[in-house]
Amino acid sequence: GESVGLHLPTLSVQEGDNSIINCAYSNSASDYFIWYKQESGKGPQFIIDIRSNMDKRQGQRVTVLLNKTVKHLSLQIAATQPGDSAVYFCAEGTGNTPLVFGKGTRLSVIA
Amino acid sequence: NAGVMQNPRHLVRRRGQEARLRCSPMKGHSHVYWYRQLPEEGLKFMVYLQKENIIDESGMPKERFSAEFPKEGPSILRIQQVVRGDSAAYFCASSLGTTEELFFGEGSRLTVL
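Chains as they are written, first to last, in my numbering: chain A, 10 to 120; chain B, 578 to 690.
Excised from the complex, chain A in its bound form (with noise of 0.2 angstroms):
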């Protein structure tokens, strides 16, 4: 089964706010952790990611917060555009295993 899934399935904001997508897991052996966007029609793309022995990593924009105590995962973009609008997955994995990918969330930016 799963061991890999999301708070929130739909995430609707307003063009210029920041988002949050959130994300829990339950294999405590995972020590890899990706963010990917995928939009309609594409591939997944890589967004982020963080290993275990980080809590907090940043990128263009993005930031990826781990927490390994009630092992959850989260995506936070700063002054969401438009083109943000795309399905968010997490994804786990260790080192001898293929990465897991959760359900995904939907984001939605309103102009």
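Do not rely on the hints blindly, as some may be mistaken.
Unchecked claim - Partner residues are not named here, just some residues of chain B that face chain A (Cβ under 10 angstroms, in silico): (1) L620; (2) G636; (3) A666; (4) G684.
Said to hold, decoys possible - Pairs of lysine to aspartate or glutamate residues, derived as EDC-like cross-links and limited to a Cα-Cα distance of at most 16 angstroms, are as follows: (5) B:K604 / B:E649; (6) A:K51 / B:E618; (7) A:K51 / B:E629; (8) A:K80 / A:D64; (9) A:K51 / B:E617; (10) A:K112 / B:E618; (11) B:K648 / B:E629; (12) A:K112 / B:E617; (13) B:K604 / B:E677; (14) B:K621 / B:E634; (15) B:K621 / B:D663; (16) A:K112 / A:E48; (17) B:K621 / B:D633; (18) A:K77 / A:D40; (19) A:K65 / A:E48.
To be verified - Covered, in the sense of this in silico footprint (three residues per stretch, anywhere, with C-beta under 8 angstroms from a C-beta of chain A), are these stretches of chain B: (20) 607-618; (21) 622-634.
Derived by calculation from the structure, the hints in this document are not laboratory data. Fair warning: this is a prediction, and the values are worked out from it, not measured in the lab. Yeah, the Cβ is synthetic: ideal placement off N, Cα and C, and Gly gets one too.
For chain A, the structure is supplied; the task is to place chain B on it using the hints.
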């Protein structure tokens, strides 16, 4: 620097026919993964291959599905005697290693009539 290339992008088959999906990984990548995605759902792992070896096929149905990654040429996902439930998007990804980022292709969308 070509990314992961998948073909065909769209494939229509009638029930009972065979479907062959091809994937060329990124240059220098020797790890290939196949995932299946149903509409409005996440990606389900099917199989993980390295050159000439199947490393993990725990997500692959036991019957009708097979995968290979020969020494030369693309990885092939083969579905024999397709049924309507096989209709889905099939994504291939490649990586440098098992704990490295997966780079995905644009997918092959199979429709079974």
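Numbers of unmet hints, in rising order = Per hint list: 7 and 19 violated.
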